[in-house]
Every structure is written in C-alpha cells, then in structure tokens.
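Trainee: Modelling step: build the complete structure from the supplied sequences, incorporating the hints.
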Amino acid sequence: MQVFKVFYKIVPRKFLGVFIIYILIFVGLMSLFTKSGMTQGEDAFELSAVKISVINKDNSTLANGLEAYINDISKPVKIKTDEESIRDALFFRETEFIVIIPEGFQNNFTTLDAKNIQTMSVPDSMSREYAKTIIDRYLNTAKVYISANPDLSIESINEKVLNDISSEANVSFLDGNVTNDMSNFNTYFNFLSYILIAILISMVGRIMLIFNDKEIKMRNYSAPISSKSYNYQLIFSNLLIAFIIWFIFIIITFVINGPIFNQSSFLFIINSFILTLLSLSIAFLVSTFATKKSIDPIGNCLSLGLAFLGGSFVPQALLSEQLKTIGIFNPIFWYVKVNDTIGNLAVNTQATLEPIIYGILVQLAFAFAFIAISLVIIKQKRQSFE
Amino acid sequence: MSFHIFKYSLKSLVKDKKSLFWMLFFPIILATFFNLAFKNLMSDEGFEKVKISITTDYEMPDGLEQVMSESNLFTISYLTEEEAKKRLSEQEITGYIKNSDGLELVILESGLNQSIAKVFLDNYVQVSATIYRVIDENPQLIQTGFLDTIDFNESFTKDIPVSQSMNLIVVYYYALLAMTCLFSAIAGCYISSIIQANQTDLAARINIAPTHKLKAFLSMVSATILFQFISVIILMTYISQILNVDFGNRTIHIGILCLVGCFTGTLFGAMFDCLTKFKSEVNEMLVSNFIMIMSFLSGLMVVQMKYIIQEKVPFIAYINPANLITDGLYALYYYETFERYYLNLTLLVVLGIVFCIITTLVLRRQKYASI
Numbered sequence: 001m002q003v004f005k006v007f008y009k010i011v012p013r014k015f016l017g018v019f020i021i022y023i024l025i026f027v028g029l030m031s032l033f034t035k036s037g038m039t040q041g042e043d044a045f046e047l048s049a050v051k052i053s054v055i056n057k058d059n060s061t062l063a064n065g066l067e068a069y070i071n072d073i074s075k076p077v078k079i080k081t082d083e084e085s086i087r088d089a090l091f092f093r094e095t096e097f098i099v100i101i102p103e104g105f106q107n108n109f110t111t112l113d114a115k116n117i118q119t120m121s122v123p124d125s126m127s128r129e130y131a132k133t134i135i136d137r138y139l140n141t142a143k144v145y146i147s148a149n150p151d152l153s154i155e156s157i158n159e160k161v162l163n164d165i166s167s168e169a170n171v172s173f174l175d176g177n178v179t180n181d182m183s184n185f186n187t188y189f190n191f192l193s194y195i196l197i198a199i200l201i202s203m204v205g206r207i208m209l210i211f212n213d214k215e216i217k218m219r220n221y222s223a224p225i226s227s228k229s230y231n232y233q234l235i236f237s238n239l240l241i242a243f244i245i246w247f248i249f250i251i252i253t254f255v256i257n258g259p260i261f262n263q264s265s266f267l268f269i270i271n272s273f274i275l276t277l278l279s280l281s282i283a284f285l286v287s288t289f290a291t292k293k294s295i296d297p298i299g300n301c302l303s304l305g306l307a308f309l310g311g312s313f314v315p316q317a318l319l320s321e322q323l324k325t326i327g328i329f330n331p332i333f334w335y336v337k338v339n340d341t342i343g344n345l346a347v348n349t350q351a352t353l354e355p356i357i358y359g360i361l362v363q364l365a366f367a368f369a370f371i372a373i374s375l376v377i378i379k380q381k382r383q384s385f386e
Numbered sequence: 001m002s003f004h005i006f007k008y009s010l011k012s013l014v015k016d017k018k019s020l021f022w023m024l025f026f027p028i029i030l031a032t033f034f035n036l037a038f039k040n041l042m043s044d045e046g047f048e049k050v051k052i053s054i055t056t057d058y059e060m061p062d063g064l065e066q067v068m069s070e071s072n073l074f075t076i077s078y079l080t081e082e083e084a085k086k087r088l089s090e091q092e093i094t095g096y097i098k099n100s101d102g103l104e105l106v107i108l109e110s111g112l113n114q115s116i117a118k119v120f121l122d123n124y125v126q127v128s129a130t131i132y133r134v135i136d137e138n139p140q141l142i143q144t145g146f147l148d149t150i151d152f153n154e155s156f157t158k159d160i161p162v163s164q165s166m167n168l169i170v171v172y173y174y175a176l177l178a179m180t181c182l183f184s185a186i187a188g189c190y191i192s193s194i195i196q197a198n199q200t201d202l203a204a205r206i207n208i209a210p211t212h213k214l215k216a217f218l219s220m221v222s223a224t225i226l227f228q229f230i231s232v233i234i235l236m237t238y239i240s241q242i243l244n245v246d247f248g249n250r251t252i253h254i255g256i257l258c259l260v261g262c263f264t265g266t267l268f269g270a271m272f273d274c275l276t277k278f279k280s281e282v283n284e285m286l287v288s289n290f291i292m293i294m295s296f297l298s299g300l301m302v303v304q305m306k307y308i309i310q311e312k313v314p315f316i317a318y319i320n321p322a323n324l325i326t327d328g329l330y331a332l333y334y335y336e337t338f339e340r341y342y343l344n345l346t347l348l349v350v351l352g353i354v355f356c357i358i359t360t361l362v363l364r365r366q367k368y369a370s371i
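Protein chains in written order, with my numbering: chain L, 1 to 386; chain X, 1 to 371.
No lab work stands behind these hints: they were computed from the structure. In this text, a Cβ means the ideal position worked out from N, Cα and C, and glycines have one as well. Watch out, some of these pointers could steer you wrong.
[To be verified] Computed spacing ranges between beta-carbons, pair by pair:
1) L/Ser227 - X/Tyr238: 44 to 50 Å
2) L/Ile216 - X/Ile208: 37 to 43 Å
3) X/Asp57 - L/Glu159: 36 to 42 Å
4) L/Gln2 - X/Ile242: 49 to 55 Å
[To be verified] To give an idea of the interface, some chain X residues facing chain L are shown, with a C-beta separation under 10 Å as derived from the structure:
5) Phe21
6) Leu103
7) Phe120
8) Asn138
9) Thr157
Mentor: The following block contains the structure:
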C-alpha cells in the first residue's frame, strides 16, 4: 500500500487549498444561479412575469390603481429613479420595462391627448409587447367607463375595472404533460461538468505529474514492488479521490437545492457519476503529455472549452447549429444532453429512458477511449525511456 | 528611462511562453468561447409573432379572429382540433383556441408566448364583460351610438427611445478586455521581484548596475505596459474584426482606457509584490486569482454581477480597476455623453498613481548590507 499512502500524503499537503477554492467558487456561483431561477408550479398556468418598474409621479387614484394592477400581474422591480440608474437597470435586464406615469396623469386622462405614459424598454422585445398590452387593457377599460358615465368617481371606476379585468379565459394543458420542476437540479448539474473537469485536472492531473516525474519514477520502479501492484494502487487512489470529490458535490447538491429524492434526482446523480469517471479519464490523459508548467493552461482551456461548447453555461437549445454538430465529438455535450433529457422527463417509461441510457453509454465510450489513448502514450514513453 | 533595460524587458516578456499564454492567448481563447456560446443567446429576445391555431370544430365568438389579426401579435392558422393537438405536441404552435365551453386556450407549458395569448384572450373576455355591464347600467347608451365610439385598441404609451445598443453580451467582452489589461499585474509582480535585490539573483545583478533604481523600474514598467497594450490591441482586433462584436466607433477612447488599464494593472502587481513577502510564484498565483475575482465582480462570468455590485456596494465598484475599465467601455457603448467614461478614466488613473506612489515609497532607498 505504499503508493496509496504516498498518494494520500500528497493530496492534503498540496491540493487541499485548490480544492477548497474551487468548492467556494462553485457554491457561490450555484447559490446565485439557483436563487435567480424561477420555479414553476405543477399544473397551473402561471402568467410569465415580466419585470416591470413603475415610476409613479402622479399618485392619483387612477395612477395608483394602474400601478397596483401592474405590480400584481408582473414581477415588480424597484429601481432608483435617476436617469442613469434607469438606463443601467434596463441594460443589465434588471428590469425589462419601465413605466413612467407623469404628473397630472389623471386630470389629463379624459382629454384627447392621453397618450402620455412614458415607457422605456429593450427595443423590439417580447416583454415590451406584453407589458404594453397590460397597460392599455387597464386604461381602455377605465376610459370606457368614464365616457359612459362621466359622473362616476375614479374610485368606483377603478373598482369596476378591476372587477372586469378579473374575468379570464380558460387555459388548459394538453394531457399527460406534468413536468416536474427539476430546473434547479438541471442547472446545477450542467454547471458541475465544468467544475469537475477543472478540479480533476488540477488535482489528479498534477498528482500524476508528480508520479510521472522521471527521477521519481526510476526510484519507484527500483523498489521491490511489482509494477502491476504499483499501477493498481495508483488507479485505485485516483478512483477513490474522484469518488470523494463526486460525493462531496452530491452532498452540496442537496444542501443548495433542498432534499428532493425522486427518480429524476437519482438519474442526475448517476449521470454525474459517469461524468466523474469521464473527467478522471480526461485528467489522466492530460497528465500523460502535460508538463508542470503547461498543465494549468491546458486544464483551463480544456475545462472552459468543453463546458462552453457543450452547453454547460448556455442552454443547448440556444447554441448554434454548427456547434450542435461539432458537439457530437464533445463528451460534455452528451452529458448536458442527458441532463436536459432528465430535466424534461415527463412520464417514466422505457421509451423516455432510452436516450438517457444511450447518452450515458456514449460518455462511457469516451472515457474508455481517453484511457486507451493515454495507455498507448504511457507505453510509448516507457519504451523510449528504456 | 533606460532604453537598454526597456528593450531587454520587452524581449524577455515576448520570449516567456507562460506570460505570452496568459497575457495573450488565454483571453483570445476565452473570447472565442464566448462567441461560440453566446452567438444565439440574444436572438430570442426579438419579438416574433405568436403562432396560434384556431380550431375549426367550434363556432368562434364574433370578431375574435378579426381582433386577433388586427393586433399583429399572432400568426393564425386554422386546424381541426385533432391536427392542432398534434402540432402542439410537436411544439410547432404555441397553443390553440377552442370554444367548447367558453373560450379556452390549450397549451403545453407556461411561457411568455403563452402569456401573451392568454392575456389577449382575457382581454377579449373582459371587453365583452365591460360592454355588457356598461349597457346594463345605462341601456339608453345604445341609442346614442356609444358603442361605435369606444375603442379598445387605443394605446396610452409612448416609447422613449433608449438606445439601439442594448446587447448585453458585449459586457462579457468588455470584462474580458479588462481582465487582459489587468493581467499585466502578473508581469508587474515579476518586475518588482527583479528589482528587489533580496528576492532574486537577477535583482541582485540589476541592483549592482549603476543605473538608477527608479529609472530601471520605470523602464521595465513601460516595457510591460507596451507589451500588454499590444496584446490588448490584438485581442480587440480579433474580437471586433473576426468575431464581429460591435465596439462602436470610439476607438481612440477605448484605446486610451485600455492603455491606462494596463498602467494601473502593472503597478497593481508591482505594489502587491512589494507589500507581501511570499515567494514570487505564490505572489503571481495570488495576483492572478485576485484579478479573476475583480473580473468576476465586473461581470466576466455572470454579467449581472456588475449591476448587482454597482447597486448594492457602489464603493467596491469604484475601487475595482476591472470594473472601472468595463464600466468605461460600457459607457462608451451605451451612453452618448462622455461624462461617465471620463469619471471611470479619472478614477483609474488615480488608482494607478496611488499604486505607483506606494510602490516607489516601499522600493526607494532599500539598501542591503548583506543578502
């Protein structure tokens, strides 16, 4: 067990810091992501909430009624009201639509020039049309009541409008489409692919570099220990550390997202385990040709590149067509694809499980291919060594 | 300034593969990734008509179809309910409308398109309700032709044009440029380790030479700034010409900002190394992590981060050089006026000068009786 012992002497001394930094970054980013994600209800229709900020300069009954109505139907965002803050908020999509109700709005409402609610929005966006519809609906109804009965007080008009507006058209879902809300899990596990590769390359890859050092290797080979046992111990140590890292991340999953145990979360975990094996094989491959100086750049580029091109950060549906075609050669692409399939899993039948199993098999094939290539490289190096 | 030292500093920077990678190739690779990943990201924001089907199996209420086509919000197709179901399950349409027991919208999942359709139908139902109620209350209105005068399609809003430059993605590239400028800190760190004789052998050699220390220091700093500025220019050309990201046409302003960014970055690294007493590799690692954190806070990884910091802790936004660079570029892109740009530029210069003063105060008059 000497090799194993040495391996686990190196880990806490050299890599605990790296590991903790990665975990902190990951947990920070993930809790940010999952908090910003919207959760959807089970089978009830929810109006998409456009982020609208109302700046009410009038404070009359009508203006307040409109503001209350908008806030009720949308996702109200409070922003600072100076010009620069408004524009910044809009640019960073903190809010999508800004409504400025001018002073004297109620008094001028019945006069001809009523078109004086100022709005600011991202040009030509979907949410703009939606927000406009909401505002116009309220005001048009109010106007009808006013012109029908000019003596009515604004309060009672407001009440009537709200009453009318509360009647709705029916909405139903096409049968058999009960999606369980696993979007948080989905985002989390997609993002995990980046962190796992980065961690495993920077930890396992570097440890392997130490063992691959020419002089250390010579020393080790001269020890009275068979090379078979030497290699098995190395493989076992690598697998164990990958397993530990994976296990920690699974625990973090449930800490961040809450304890949800169902078939989907189970499948996510299985898929992430496959990813761990895959990342380990990638790290192993990298360690065969990288040097102490080049492993950082290579690790960075590989982890970022595979993750970006595989859709870990940006949803795969939004990737360009070319990228999707190239993605076939990217193991992370398959991993994310399986995750997305699990996330959208509606009814668990044989038919829906098939693409998941297929995707997992493809990942395993990649892992085997990487290991095979690295074994070839190791063998070649050893021959030239001897 | 000593041209000799300047020349050799520059040469050693170009020949050092590690610095070449981090200062030039890494940002270019990152930019390529951004480009590949974000290409389609913003395209879904544009308004597209909602595809909706009207089932032909039922009688539709009066005027609904007319209002729908007048609204310019929908692409309407007419299908039987069977066909509509099939199209919907293939997600070719957003939903279909049937009128079996009151108006009903059938959809697959919640979303913005679905909401628009829903709100529109709600509107239709509500308008009917309103009209019935008005007539209920004052039946004489029918005679006065009141119904002809009402208009439910009046618009009460007036758009204030914001800017056509609303592409959020550019901030990623700006943050990337900021990171590249500030990566000069790693070289800055190296400079200060080769100017303090107690740190490296090279520094001891340089200190023996009769060149004034400040002179040598400044020559190295300018070499680093030049080197970094060139790589920023290469990166910018790459992003704007090959990746076709719009930087606007204020190239000179962008250039000045980046140059100052390189200056501040280099001196930040130099100051960091003077103040701490770690080994130079540890220092370089710390500095690069520090810069990554600054870049993160200015939106390199999650673009909204920049806004959050700016709103919640504006103090950090104003002392974070990465954010100053990003914000300056953003101001050039988004605002017509230059005030915000100059504010950022000034703050960046001030920061750089502060770093410079601290560094010189620490470095000056250091004498080594023995090393």
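Trainee: None of the hints should be skipped; say for each whether it holds.
Mentor: The hints, checked one at a time:
| no. | hint | verdict |
| --- | --- | --- |
| 1 | L/Ser227 - X/Tyr238: 44 to 50 Å | 48 Å, holds |
| 2 | L/Ile216 - X/Ile208: 37 to 43 Å | 38 Å, holds |
| 3 | X/Asp57 - L/Glu159: 36 to 42 Å | 38 Å, holds |
| 4 | L/Gln2 - X/Ile242: 49 to 55 Å | 53 Å, holds |
| 5 | Phe21 | 5 Å, holds |
| 6 | Leu103 | 5 Å, holds |
| 7 | Phe120 | 7 Å, holds |
| 8 | Asn138 | 6 Å, holds |
| 9 | Thr157 | 5 Å, holds |
Of the numbered hints stated above, none is contradicted by the structure.
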